[in-house]
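**Student:** For reference, the chains in residue letters:
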Amino acid sequence: MNIHEYQAKDLFEKFGVPTPKGIVAGTPDEAREAADALGSNFVVKAQVHAGGRGKGTFKNGFQGGVHLVNSAADAAEVADKMLGQVLVTHQTGEEGKLVSKVMVAESVDIEKEYYLAVLMDRENQSPVIVASTEGGVNIEEVAEKTPDKIFREKVHPLLGLQPYEIRKLSSKLGFSGDTAKQFGRLLKGVFRLFMECDCSMVEINPLVTTPEGKVLALDAKFDFDDNALYRHPDIAALHDPTEDDPREVEAAKYHLNYIGLDGNIACLVNGAGLAMSTMDIIKYYGGEPANFLDVGGGATQEQVGNAFKIILSDPNVKCILVNIFGGIMDCDVIAKGIVAACGEVDLNIPLVVRLEGNNVAAGKKTLADSEVAIIGADDLADAAEKAVNSISS
Amino acid sequence: MSILVDENTKVLVQGITGSFGARHTRLSLDYGTKVVAGVTPGKGGQLFDDLVPIFSTVEEAVAETGATVSAIFVPPPFAADAILEAVDAEVDLVVAITEGIPVMDMMRVKAGMAGSSTQLIGPNCPGIVTPGTGEDSRGGCRIGIAPGYIHKRGNVGVVSRSGTLTYEAVWQLSALGLGQSSCVGIGGDPINGTSHIDILKMFNDDPETESIIMIGEIGGNAEEEAAAWAAANCDKPIAAFIAGATAPPGRRMGHAGAIISGGHGTAAAKKAALSNAGITVAETPAEMGTALLKALG
Numbered sequence: 001m002n003i004h005e006y007q008a009k010d011l012f013e014k015f016g017v018p019t020p021k022g023i024v025a026g027t028p029d030e031a032r033e034a035a036d037a038l039g040s041n042f043v044v045k046a047q048v049h050a051g052g053r054g055k056g057t058f059k060n061g062f063q064g065g066v067h068l069v070n071s072a073a074d075a076a077e078v079a080d081k082m083l084g085q086v087l088v089t090h091q092t093g094e095e096g097k098l099v100s101k102v103m104v105a106e107s108v109d110i111e112k113e114y115y116l117a118v119l120m121d122r123e124n125q126s127p128v129i130v131a132s133t134e135g136g137v138n139i140e141e142v143a144e145k146t147p148d149k150i151f152r153e154k155v156h157p158l159l160g161l162q163p164y165e166i167r168k169l170s171s172k173l174g175f176s177g178d179t180a181k182q183f184g185r186l187l188k189g190v191f192r193l194f195m196e197c198d199c200s201m202v203e204i205n206p207l208v209t210t211p212e213g214k215v216l217a218l219d220a221k222f223d224f225d226d227n228a229l230y231r232h233p234d235i236a237a238l239h240d241p242t243e244d245d246p247r248e249v250e251a252a253k254y255h256l257n258y259i260g261l262d263g264n265i266a267c268l269v270n271g272a273g274l275a276m277s278t279m280d281i282i283k284y285y286g287g288e289p290a291n292f293l294d295v296g297g298g299a300t301q302e303q304v305g306n307a308f309k310i311i312l313s314d315p316n317v318k319c320i321l322v323n324i325f326g327g328i329m330d331c332d333v334i335a336k337g338i339v340a341a342c343g344e345v346d347l348n349i350p351l352v353v354r355l356e357g358n359n360v361a362a363g364k365k366t367l368a369d370s371e372v373a374i375i376g377a378d379d380l381a382d383a384a385e386k387a388v389n390s391i392s393s
Numbered sequence: 001m002s003i004l005v006d007e008n009t010k011v012l013v014q015g016i017t018g019s020f021g022a023r024h025t026r027l028s029l030d031y032g033t034k035v036v037a038g039v040t041p042g043k044g045g046q047l048f049d050d051l052v053p054i055f056s057t058v059e060e061a062v063a064e065t066g067a068t069v070s071a072i073f074v075p076p077p078f079a080a081d082a083i084l085e086a087v088d089a090e091v092d093l094v095v096a097i098t099e100g101i102p103v104m105d106m107m108r109v110k111a112g113m114a115g116s117s118t119q120l121i122g123p124n125c126p127g128i129v130t131p132g133t134g135e136d137s138r139g140g141c142r143i144g145i146a147p148g149y150i151h152k153r154g155n156v157g158v159v160s161r162s163g164t165l166t167y168e169a170v171w172q173l174s175a176l177g178l179g180q181s182s183c184v185g186i187g188g189d190p191i192n193g194t195s196h197i198d199i200l201k202m203f204n205d206d207p208e209t210e211s212i213i214m215i216g217e218i219g220g221n222a223e224e225e226a227a228a229w230a231a232a233n234c235d236k237p238i239a240a241f242i243a244g245a246t247a248p249p250g251r252r253m254g255h256a257g258a259i260i261s262g263g264h265g266t267a268a269a270k271k272a273a274l275s276n277a278g279i280t281v282a283e284t285p286a287e288m289g290t291a292l293l294k295a296l297g
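Taken in sequence, the protein lines are chains P and F. The numbering used here numbers the first residue of the first sequence as 1 and each following residue consecutively. The numbering used here numbers the first residue of the second sequence as 1 and each following residue consecutively.
Possibly wrong hints are sitting among the right ones.
Dumping the calculated DMTMM-like pairs for lysine to aspartate or glutamate here, alpha-carbon to alpha-carbon at most 20 Å [as the list claims (entries may be wrong)]:
1. F:K110 <-> P:E196
2. F:K201 <-> P:E134
3. P:K214 <-> P:E134
Please keep in mind that the hints were generated in silico from the structure rather than gathered at the bench.
Excised from the complex, chain P in its bound form (with noise of 0.2 Å):
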């Protein structure tokens, strides 16, 4: 789960990590407030979840969803451009993000930028710190073209951050006195956020020392683990639902692991690994499978209507292929779930069933004395042959 740059920030005061000052705003006069409250030298934020905020554009012309302005007035005007419409960068694609808050902050001047992230490395599994003398780039960018630039430490999964650690990271950062002082207290909080809210990263970039000697974390990127986030409610709290696709929101309500792709060949599997699988077969035989749904181990009729419904909201969805592979679930169950739902939900558009495992013939006659018109396939190949020669047929 991602959260909004506002939402970070006040994550990041709770753990001592020091950051610009800043405020929210849902309408211009909010703007206009937040800035009176700041001081004379402002920048103004489109509050999304995407990268090059900076360099996009938004639908009603106006351009970039970051602005520096002096006055409290050009804050509140920035504003009114900028909320209510949809702003496109290039991580957003070309639907773009609603703005429906802006951040008003007070505008630093930047002596250098640098790059600091903790994040969970699986081949390790313990947390590691990277951290860069080349900040407020694509740090990807970086490991590639520059790699001595870049440091890694790994922590402890128990004994947690030591000091030693901090000393080495800031010496290699090349800081000293009181900058090394501002540097250690700033990681160690963002260290124990990472800890104790579940992350699996939390990523600065850029850390930036000013002409005045304070180091501030100018910009944050989290990502929370979803499995432990039935212990944050706090964190969970802070998720917003338009910024995903609304099709996985809704699959969610159902427990349904959905994620839109952008073909035409929808998929209804149980299990992950199969799920992936079915998206694959159906590429390698010339098809585009619009989506990934994993039912679940333990699909029942009404998990399988849900699904249905989830997928036919699709409009590119040309053709339907369910690939279940009953293994402790009885494979007639499914069928008559599969026909109930294509009474409740009016198909028509082809739809390829290969159903296998327990209690398979009994299914397979539910599904062909059925008045679903149901394309049946004897194994994974022949479903996805089928599938997508429906389609091009």
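Please build the complex by placing chain F on the supplied structure of chain P, with the hints as guidance.
**Tutor:** Just chain F now, kept in the frame of chain P:
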């Protein structure tokens, strides 16, 4: 022979009285698995289905029944504690079926297990099946949630990160007349107890296993490491399949560990590493069984 478990293995089930644990315990008992104990805190002294004694702690269950393997069906918030309790009781093997355990919990569990001789399989896995020779492969050892009847006793070792995709592979193998020595689901989480490479080593050392199917998916580099190890050390034919060639980068595909991040962990890179290691890679999931036939020559 088989790996990890056989028909004589004594198994205890943590979370035996929950609906999920109870259902699969019954299926395991029917398969012939020696489920000798259940553990549910506070329910010690009761009997599960008038048959299996329930204990309040793993320590008591092990002391009373001699169980050497624990299957974990405990809900995610309590699963890390349950695993550590089984490790503390010094069982040989813990099979964690639970899906949805926070990564931080698994990270601490793994670090806490340092120096322990207990092997952990999973979490978020279908478990282990060593097929028997009876009707529908009964008489073997089934720990977890896999359908027993699709198996057939034989000489192919199966290792996989996925559940239903494993069943698909086993189904294809059995249909081709290729029985299995043991089938191990290592789970779809980013931090797990046992990796592909660990299981490959066991299969390589197991005299009954003559060939191996390895099923992987996008995310991490466990398949690449296993491929490199196999090229240098494994003298048995291996076939492989990698799921997720069409998965969009940056998205978690159902399994918490199935994600392409920063261009790493792609299906293409994994397939290339496997091919370079001399492993026969199935082009599609429909060809896992036939890929093994090809590898067998």
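**Student:** All the hints need checking, so say for each whether the structure fits it.
**Tutor:** Status of each hint after checking the structure:
With a CA separation close to 18 Å, the supplied pair K110 of chain F and E196 of chain P stays within the 20 Å bound. For a cut-off of 20 Å, the pair hint linking K201 of chain F to E134 of chain P is broken: about 42 Å separates their Cα positions. A C-alpha spacing of about 18 Å is found between K214 of chain P and E134 of chain P, which places the hinted pair at or below 20 Å, so the restraint holds.
Going through the hint list in order, the structure does not satisfy hint 2, though it satisfies all others.
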